[in-house]
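Assemble the whole structure, with the sequences as input and the hints as a guide.
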Amino acid sequence: MATRRVVVHYPRHLIEAPLVSQMVRRYDLEFNILRATITPRSEGVIVLGLEGEEGSIRDALSWAGAQGLEVQPLERDVVRDEKRCTQCGACVTMCPTGALSRDIGTQEVGFSAGDCVACELCVSACPPRAMRVAL
Amino acid sequence: MAKTIREINEKIAAGDVVVVTAEEMIDIVEEEGATKAAAHVDVVTTGTFGPMCSSGALINVGHATPRMKIQKAWLNEVPAYAGLAAVDIYIGATEMAEGDPLNRDYPGEFAYGGGHVIEELIAGKDVRLRAVAYGTDCYPRQHLDTWINIADLNECVLSNPRNAYQNYNVAVNLDPERDIYTYMGVLKADLGSANYCSAGQLSPLLNDPTYRTIGIGTRIFLGGAAGYVFWQGTQHNPTVARTDKQIPKAGAGTLSVVGDMKQMSSEWIVGVSMYGYGASLQVGLGAAIPVLDEEMARFTAIKDEEIVAPVVDYSRGYPYGEGGPLGHVSYRELKNGKIAVQGKEVPTGSLSSYPKAKEITEILKDWIKTGHFLLSEPVQPLPSVDSGLTFKPLPEREVEEEV
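Which chain is which? The protein sequence lines are L and V, in order. Per numbering that gives the first Met the number 0: the first sequence = residues 0 to 134. Per numbering that gives the first Met the number 0: the second sequence = residues 0 to 402.
Keep in mind that the hints were calculated from the coordinates and are not lab data. Quick caveat: nothing in here was measured; it's all calculated off a predicted structure. Even for Gly, the Cβ is constructed at its ideal location relative to N, Cα and C. It is possible that part of the hints are untrue.
[What the hints assert, rightly or not] Far from chain L, some chain V residues (derived; all Cβ distances over 10 Å):
hint, residue
1, S53
2, A188
3, T347
4, L350
5, E376
[To be verified] Per label pair, the in silico range of CB-to-CB distance:
hint, chain 1, residue 1, chain 2, residue 2, range
6, V, T145, L, P17, 58 to 66 Å
7, V, A150, L, E15, 34 to 42 Å
8, V, G98, L, D27, 50 to 58 Å
9, L, G97, V, E154, 46 to 54 Å
10, V, P346, L, E119, 14 to 22 Å
11, V, S264, L, R24, 39 to 47 Å
12, V, E76, L, T36, 28 to 36 Å
13, L, E119, V, A150, 33 to 41 Å
Here you go:
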C-alpha cells in the first residue's frame, strides 16, 4: 500500500461534479480530506490524503487530470525558505503531525514535507516567517 | 598555574593558542579534570542566537542641503527616535510600521517593524527615510523624503541595551482553553506547550557565571563582526538564587553591546515577527572566555544537565504577578523535547537557535586560531554576585492633579 498527499484544484465549471468520489471508487482508494476551500474566484481547492496500490494512485491521478482537475503533490505547495529559517524551534510545538521536528542530538529543526497536512499553524508562529503555504 | 589575558593574546599572535568551543570543553574537563584542562586550554568560545527585543540601531544620516534638524523620522514607515541633535536617529527593534493593524485584528501578524529595518540595512538594501521638522534659522528644511543605504551613512551602529540574558524563563500557559500569544511565542492552552530561550551550555554568561572575564570593554562576536560590551545590560540582576556551581536559577546577568553594522551580516541579525505580540530582532552574539585558572575551566565546562530554568505561567503568573515559578527544569530536559509540569508531560519548543549558537562558537574559534580576534581585559567588571544590585519593580505612586 502507498500513501500520497495531493492538492486538487477544481476549476469553476467542475465545482459541482463529484469527481473525487468517482475517482476513489473507480480506483479503490481510501481518502482523507485534510482541507477544502473555495477561493473568491469560485475555484475549489482540496487537500487529499490518498491510500491504495501505488499503480492505482498513479492511474487515479491521471484520470482526475483527464477530467479537468489540476492535481499536484502537496510538497510543492508547502515550502520552507531555508535561507530564512534560523533553526530556532518555535514551530515544533505548533505542528500537529510532526512534519516539523527537532533532532535531539543536533537540535536541528527538520521539515518533512511528506508529513505536512498544510494546516498552516506554523506560518505565523515562525518568527522569521520562513514557512510558505500556497495552495 | 594561572594565566593572564595578555599571555593568551601573545599565544594568539604567535599562532599557538589552544581554543575550543564550550561544547568541546565539556568532554575535555570530563576526561582530564579541570586542573589539566586549565593548563592546556587557553580559550573557550561561547555563543547564543535568539530574539533580543532590547536592540536598536543608532544612525547618522548626514546633512542634507538646505540643512534640517530632524524632528520626527520614519525608516520604511517605522518611526525612529529623532530627539538627538539634528541628523542622529535611533530605531528600536520592536517599533512597528505606521498603519500596522497591531492587535486590532487579534492575534496580529506584526509583519514589519524596527527589527526588519535593521536587517535590511545590514543586508545593504535601500531604506526609505522620511522626516519632518519645524525649521530654524540654522536648520530651515521642514520635509525630507529620500532613500538611504548603509554604505552612505556616516555611522550605523547596533546599540543594544539588553542582550545575552544569562538564563531565562520557560514559558507555559495554564489557561484551560485559550492559546496565548506572547514574546515567548505561541503557548498552547492547558499546558499544551512550553517555550524556552537560551543556548544553555553554549550561552556566554552561563560559561562565566560570576562575570570574572566578561566586563565593560570586552570584545565579542556581534552580528557576524567584532563588537563590544559597553555596560551591564538593563535589568542586570546578578543577585538571584544560584546553584552550587554559581549558575543563576532564573534570568540574571545581561549585557549592553555595541558594534558596527557595516561589518555585520544579515545571517546573524534577523528581523522577526512574534505572532500576536510584536516585532523583534534575532541577534547572534558570542564571547571568547579566557581559561585563566582551574575555576574558569570548571565554569566553561558547564553542561545542560546542570543548568535549570524556572517554569513560569504566562497566562496569569507573568502578566499579573500571580504566584511564583511552577518548578525548575534543566536544559537537558528542555532540549530532549518534553518536560513535566504539574504532573503533565509538556512538549517543548525553543526561540533560541542552538545550531546557530554552535556555529558562532566555531566561527569565533576560527577567528582566534587565525589571529583575527584578540581577547580584551575588561576596563571595569560588571556588578556581580556580591554587588547587592537587584532588578526592582516599578513602585507606582499616586499622582494628584493640580487644580
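Hints, verified against the model:
1. S53: holds (16 Å)
2. A188: holds (12 Å)
3. T347: violated (7 Å)
4. L350: V/L350 is in fact no farther than 10 Å from some Cβ atom of chain L, at 5 Å.
5. E376: Non-interface label stands for V/E376: nearest chain L Cβ at 33 Å, farther than 10 Å.
6. V/T145 with L/P17: 58 to 66 Å: holds (60 Å)
7. V/A150 with L/E15: 34 to 42 Å: For V/A150 and L/E15 the Cβ distance comes to about 59 Å; the hint is violated.
8. V/G98 with L/D27: 50 to 58 Å: holds (55 Å)
9. L/G97 with V/E154: 46 to 54 Å: Holds - the Cβ-Cβ distance for L/G97 and V/E154, about 47 Å, lies within 46 to 54 Å.
10. V/P346 with L/E119: 14 to 22 Å: This hint holds: roughly 19 Å between Cβ atoms.
11. V/S264 with L/R24: 39 to 47 Å: violated (56 Å)
12. V/E76 with L/T36: 28 to 36 Å: Roughly 32 Å apart at Cβ, these two residues keep to the hinted range, so it holds.
13. L/E119 with V/A150: 33 to 41 Å: 38 Å Cβ-Cβ, so the 33 to 41 Å window holds.
Violated hints, in rising order: 3, 4, 7 and 11; the structure is consistent with all others.
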